[in-house]
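Those protein sequences? They're chains A, B, C and D, same order as listed.
Positions 80 to 435 (our numbering) are the ones given, in order, by the first sequence.
Positions 80 to 435 (our numbering) are the ones given, in order, by the second sequence.
Positions 80 to 435 (our numbering) are the ones given, in order, by the third sequence.
Positions 80 to 435 (our numbering) are the ones given, in order, by the fourth sequence.
Source of the hints: derived by calculation from the structure; they are not laboratory data.
Hints are supplied without guarantee of correctness; some may be wrong.
Since copy identity is lost for identical chains, a pair holds within one copy or between any two.
Dumping the calculated DSS-like pairs for lysine-lysine here, alpha-carbon to alpha-carbon at most 30 Å [what the hints assert, rightly or not]:
hint: 1; residue 1: K276; residue 2: K86
hint: 2; residue 1: K262; residue 2: K227
hint: 3; residue 1: K120; residue 2: K253
hint: 4; residue 1: K390; residue 2: K118
hint: 5; residue 1: K177; residue 2: K406
hint: 6; residue 1: K352; residue 2: K113
hint: 7; residue 1: K99; residue 2: K398
hint: 8; residue 1: K355; residue 2: K276
hint: 9; residue 1: K86; residue 2: K121
hint: 10; residue 1: K99; residue 2: K344
hint: 11; residue 1: K398; residue 2: K355
hint: 12; residue 1: K398; residue 2: K113
hint: 13; residue 1: K276; residue 2: K177
hint: 14; residue 1: K86; residue 2: K99
hint: 15; residue 1: K398; residue 2: K86
hint: 16; residue 1: K121; residue 2: K398
hint: 17; residue 1: K164; residue 2: K406
hint: 18; residue 1: K227; residue 2: K398
hint: 19; residue 1: K355; residue 2: K177
hint: 20; residue 1: K120; residue 2: K99
hint: 21; residue 1: K398; residue 2: K344
hint: 22; residue 1: K120; residue 2: K355
hint: 23; residue 1: K406; residue 2: K355
hint: 24; residue 1: K344; residue 2: K276
hint: 25; residue 1: K164; residue 2: K118
hint: 26; residue 1: K406; residue 2: K352
hint: 27; residue 1: K276; residue 2: K121
hint: 28; residue 1: K253; residue 2: K113
hint: 29; residue 1: K113; residue 2: K177
There are 4 protein chains.
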Amino acid sequence: MSGNFGKKINLSIFGESHGKAIGIVINGIEPGIKIDLEKIKKDMARRAPGRNTLSTQRKEGDNFEILSGFFEGYTTATPLSVIIKNNDIKSKDYSKIKDLVRPSHGDFSGFVKYNGFNDYRGGGHFSGRITAPLVFAGALAKQILESKGIYVGAHIQRVGKVEDDSFDRVNLNKEVLDSILVKELPLLNNEKIDEIKREILNARQNGDSVGGAIECSLIGINPGIGNPFFDSLESVIAHLAFSVPAVKGIEFGLGFDFAKENASKVNDEYHIKNGKIRTYTNNNGGIVGGITNGMPVVFRVAIKPTPSISKEQRTVNIKTMEEGILKIEGRHDPCIVQRVVVVIEAIAALAVLELL
Amino acid sequence: MSGNFGKKINLSIFGESHGKAIGIVINGIEPGIKIDLEKIKKDMARRAPGRNTLSTQRKEGDNFEILSGFFEGYTTATPLSVIIKNNDIKSKDYSKIKDLVRPSHGDFSGFVKYNGFNDYRGGGHFSGRITAPLVFAGALAKQILESKGIYVGAHIQRVGKVEDDSFDRVNLNKEVLDSILVKELPLLNNEKIDEIKREILNARQNGDSVGGAIECSLIGINPGIGNPFFDSLESVIAHLAFSVPAVKGIEFGLGFDFAKENASKVNDEYHIKNGKIRTYTNNNGGIVGGITNGMPVVFRVAIKPTPSISKEQRTVNIKTMEEGILKIEGRHDPCIVQRVVVVIEAIAALAVLELL
Amino acid sequence: MSGNFGKKINLSIFGESHGKAIGIVINGIEPGIKIDLEKIKKDMARRAPGRNTLSTQRKEGDNFEILSGFFEGYTTATPLSVIIKNNDIKSKDYSKIKDLVRPSHGDFSGFVKYNGFNDYRGGGHFSGRITAPLVFAGALAKQILESKGIYVGAHIQRVGKVEDDSFDRVNLNKEVLDSILVKELPLLNNEKIDEIKREILNARQNGDSVGGAIECSLIGINPGIGNPFFDSLESVIAHLAFSVPAVKGIEFGLGFDFAKENASKVNDEYHIKNGKIRTYTNNNGGIVGGITNGMPVVFRVAIKPTPSISKEQRTVNIKTMEEGILKIEGRHDPCIVQRVVVVIEAIAALAVLELL
Amino acid sequence: MSGNFGKKINLSIFGESHGKAIGIVINGIEPGIKIDLEKIKKDMARRAPGRNTLSTQRKEGDNFEILSGFFEGYTTATPLSVIIKNNDIKSKDYSKIKDLVRPSHGDFSGFVKYNGFNDYRGGGHFSGRITAPLVFAGALAKQILESKGIYVGAHIQRVGKVEDDSFDRVNLNKEVLDSILVKELPLLNNEKIDEIKREILNARQNGDSVGGAIECSLIGINPGIGNPFFDSLESVIAHLAFSVPAVKGIEFGLGFDFAKENASKVNDEYHIKNGKIRTYTNNNGGIVGGITNGMPVVFRVAIKPTPSISKEQRTVNIKTMEEGILKIEGRHDPCIVQRVVVVIEAIAALAVLELL
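Bound-form chain A, shown alone (with noise of 0.2 Å):
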């Protein structure tokens, strides 16, 4: 069903890109948790577009109002809502082209689901500023999990060609995490910062954008959690992911690689260490036979280019069934990775808040 998600943790998400508010509602949220709001304007800002030339110009600030569900400081486990007004709003570049449909946006398969309904101003509810209110409930959902020793941090794997594989999946803690999070570009490999900026900027220059990988990794957190069938800790974190516009795979630790492998190389063999179970390597990410093993739960997500360019490309007339060229003007994120990462965190959160 559109917009609703969870048995334990329930989300309902609404609103669309240029209409009056955006934002969500969370049930299942125990009573009595002290909600820092500092830390979610934070993570709202890692979102926000509009902060430098790596991002689309739109500026929104993303000022959420909650408006039920939090009393005196804390969660009253009433369902918790939450608004963002849209504010800077661009819609009459967008009705220009509304009948041209935009390659490899929701604007064709969303009117003939909607049989052309829908607000279709600034991709109206397909549009990658609706996950603003996940990226609220993904910081709630973090603080819930930190007053539980677990801690969720991701980072950019890749932009383009570039990429940055000094992650380790055994050797985690709360420090690496954190100490991309304080970053421009959140990397891990100081040394690939200047890299991916130039392909972020030659993508701009371009009128193009860029794709990229995003790792993320939950460390803390017990063995024991998630499912056989049919809710694996990986069916809830894939089922969230791929919610998220633009994200078009997963792969859980070693992933794909595991196709070219044998047992005998990959299989994560157990040691006692500090009287508990761990295993030497985690190629398996955290999660065997969907549930935690107590090693770091390690996945990582493909996000294709934001396909809004400028470069003129061939599409057809919805209305008049002609085929056309297309133009896209206005305000496009030539790189949106780098503000996905924070809303990847929040989906890993709300899944394991889901499973907990």
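Knowing the structure of chain A, use the given hints to seat chains B, C and D on it.
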């Protein structure tokens, strides 16, 4: 929640590898669907073990017995339940090593989750055997989809080092899908059959196993199926895919290769063909904004090498918390990729039925 | 789970009586439904307080603001969200007695559930005010049902000692339902209006309140809606009805009178009328085996007297655990039955939409 | 959806009266619960037919077979499935009258819903027999609740003209509940047993049947269980209760009598007893604001007289659309109230487990 999936099509799977029976209850099937039981048996046989030297020697006819929801040859729309009895059980093989958790299996994570109360014999509820009821449900789903002109087909894309890259995401038709069904190994490219057999037999000879990748496609599907949040078609397929033991990654269309590219190169531009809106390329794998666009739905999953191998492995005794060496005897698959192909078709068909 | 309901039509309600706003997110609405906002406002007014001496003096316009899912006059099928701001708040009235739990209110059970963290002001999330978003959703649902020829109408069947037994479960038509809408008190039998007013004003004069019962019917509904297990139409209506504060009983058709009878007297025998299968009587209230039989769906709910009264009551201070005497001041309804009528219509319409 | 219920405890029921087997899959049970199978058999026997002259002569041992989720005497927390084979089937009795829809049965509404494809024999999926798996699930739920100090018990409150009003909603204890279990007819007041037997045997003699009412209570339940919206404890109990064939009404505590009263008379005032907050009266039936308040949860359901009677009835042939006269032969219950008692206990226990 363990065992249950879906709002429109609801699946309730159950059973343990060495219990009395495994099975599934399927809700949400429309009444009056004529079921071809022979076709279902064929799909069951595609998954069943013991057919040749490429899989385990455990012999299970996987004979199913429909208990309800099926009357005089047609579905009734009341809950359809089916059981498959377990016959060829050699539980002794497992009890010997019961406390030595098998690397990369669900033994340890399951022990923690179920507090040691779960049936450990033969992997219990974690066994790949539990996918047999899924294949039944999928075979039924495929018949329903076929009555609507939708066809599902999967094939091996890789085993170990050997890749078959002859797949064309744009020009797919029923003949291509059907041609795979009659082959001993479900491959597009006949020239790869011997190479892949060699990979599997090598693994067998070494007491090892080998991983692979499966490509699956759905053709004849109308645009408009799926949702932006949270039940994108990608989300629902991925959710079910990660319930299939050994699946560790999924990607749609270009998938992880999107990360390396520019939008100008990978956007799927539109044109008109035979009066219908189509895309020149199909990098999005038939899904944009979480919704089908009328192109073939195409995805790929990574299958890890089945972790049961006869080589010695380091592990831990979960009762004594001592490190030890494990040597798994009994019957094992050197490669499960060819058996999983029909399971992936099943989950693809069920996912589409859920969202149709 | 708190706040969320439904698989086909999903409702996510939120808000507290004295918070910033209350509202609802509605999923599963089809696209292209033209919404008559004036009609929705009329339903909101039927529930709103402060209209005359029969209800509380709190004045709330209950002006709703649609944030999403509604575009250029039509539903879009993306999540439809609406908020209603809280205006006429006198929170001081409540803080005085905050720790003295009010008898028959949710104060004590809520305090335990929410561990004392919930917003207690004005009943918080327990307030009857939270039914305003339900009325919005119901008014929308009624418009969708009307487009399919289904009409919903409710009326007062009893207030205190005064009963109106003029209801005919077999011969119902739209004119009967419409005629009730224009009355000050929604009663079938005009001759009872003065008696019922007297019951209410008596209660008011005594600083007391009085209960009642509401009868609701749906006409024009086809046979075949509902399920035997577990989502009988009765189950779904009852589920929603018992979410409405003050509802303490529900019965379909003959209801509890069935307990006294023989089948030969109360079975609904079939005949043919105008080419359709009908029953002579409608003791089953239009639902047999959990499924509609084409007769009007008819049910009755019991409404307890609103527990806020100005008479002294014995209670307990939840902080000090001392017994004490409570005298509730502020504005109260001597009778809420007339205001709940439209809420019952709302839940009936939503239940049918869920199963249609 | 047909057949499936619950988010925390998920039930998937299946089967037809004259099919191979009926059964249920139960998810969400915690691991390590020791199940007393003898106790479950006793509950099954309480519902089973053919025990004496008060019920139908169909003899079904209702022997259940647990297929999964139960290992070495304990629950495993993997899906627990159970089947009950159908033995004493006389399908010929039904085929004679197959097209003459039986008044007040699901024959007609089911025919429309299932488009004529459902198994009509013996009522098919509408049969009261399908409650046997519910009794199994309930018996299991009761054992889990008992381990937490919660006890469930139900008794006959009325059969036809005879009422037993000896129930005390405030002072309930385990001894009272247990004392009912050993009686031939589950009644509080022994003096009513003969009168009620007479009502039943009268109905039998007349080829008729008689309705009744059942009271159910849960004791030992903590305050704080349930939700205001939408899953009030009343909502969940009612949802399940209206899945039980023949239930046509439900009321909590004072129920419909609330409609006649003033708050000053029926509000449940608080006091302290043994250091705990209690109410003097229990008119709310232990639930306020949808949430338990620590008093016994008390509700009553109305059971319509079973519609299968041997008297002649007017009906319609659904194939020819002609009016006709139906005379139902075969074995019938003159009263099902005494057999439904344990079913009501089952749904009460399952509802509480869902919300605990």
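Each hint, compared with the structure:
1. K276 x K86: For K276 and K86, the Cα distance exceeds 30 Å both inside one copy (41 Å) and across copies (44 Å).
2. K262 x K227: within (26 Å within a copy, 51 Å between copies)
3. K120 x K253: The answer is within: 21 Å in one copy meets 30 Å, while 52 Å across copies does not.
4. K390 x K118: neither (38 Å within a copy, 48 Å between copies)
5. K177 x K406: Within one copy only: 12 Å inside, 62 Å across.
6. K352 x K113: Cα proximity of K352 and K113: none, with 34 Å in one copy and 34 Å across.
7. K99 x K398: within (27 Å within a copy, 43 Å between copies)
8. K355 x K276: neither (42 Å within a copy, 41 Å between copies)
9. K86 x K121: So K86 and K121 pass the 30 Å test inside one copy only (28 Å; across, 34 Å).
10. K99 x K344: neither (55 Å within a copy, 35 Å between copies)
11. K398 x K355: between (63 Å within a copy, 13 Å between copies)
12. K398 x K113: between (52 Å within a copy, 21 Å between copies)
13. K276 x K177: This pair counts as neither: shortest intra-copy Cα distance 32 Å, inter-copy 53 Å.
14. K86 x K99: both (29 Å within a copy, 27 Å between copies)
15. K398 x K86: Neither: 40 Å inside a copy, 33 Å across copies.
16. K121 x K398: Result: close neither inside a copy nor across copies, 43 Å intra and 37 Å inter.
17. K164 x K406: Within one copy only: 29 Å inside a chain, 42 Å across chains, cut-off 30 Å.
18. K227 x K398: Only across copies: K227 and K398 sit 27 Å apart there, 54 Å inside one copy, limit 30 Å.
19. K355 x K177: between (59 Å within a copy, 19 Å between copies)
20. K120 x K99: both (20 Å within a copy, 20 Å between copies)
21. K398 x K344: Cα proximity of K398 and K344: across copies only (26 Å, versus 56 Å in one copy).
22. K120 x K355: Neither. Shortest intra-copy (37 Å) and inter-copy (43 Å) distances fail the 30 Å Cα cut-off.
23. K406 x K355: Cα proximity of K406 and K355: across copies only (22 Å, versus 59 Å in one copy).
24. K344 x K276: between (36 Å within a copy, 20 Å between copies)
25. K164 x K118: Answer is both: 20 Å inside a copy and 27 Å across each meet the 30 Å cutoff.
26. K406 x K352: So K406 and K352 pass the 30 Å test across copies only (22 Å; inside, 59 Å).
27. K276 x K121: within (22 Å within a copy, 54 Å between copies)
28. K253 x K113: Classified as within: same-chain Cα gap 21 Å, cross-chain 41 Å, threshold 30 Å.
29. K113 x K177: between (45 Å within a copy, 22 Å between copies)
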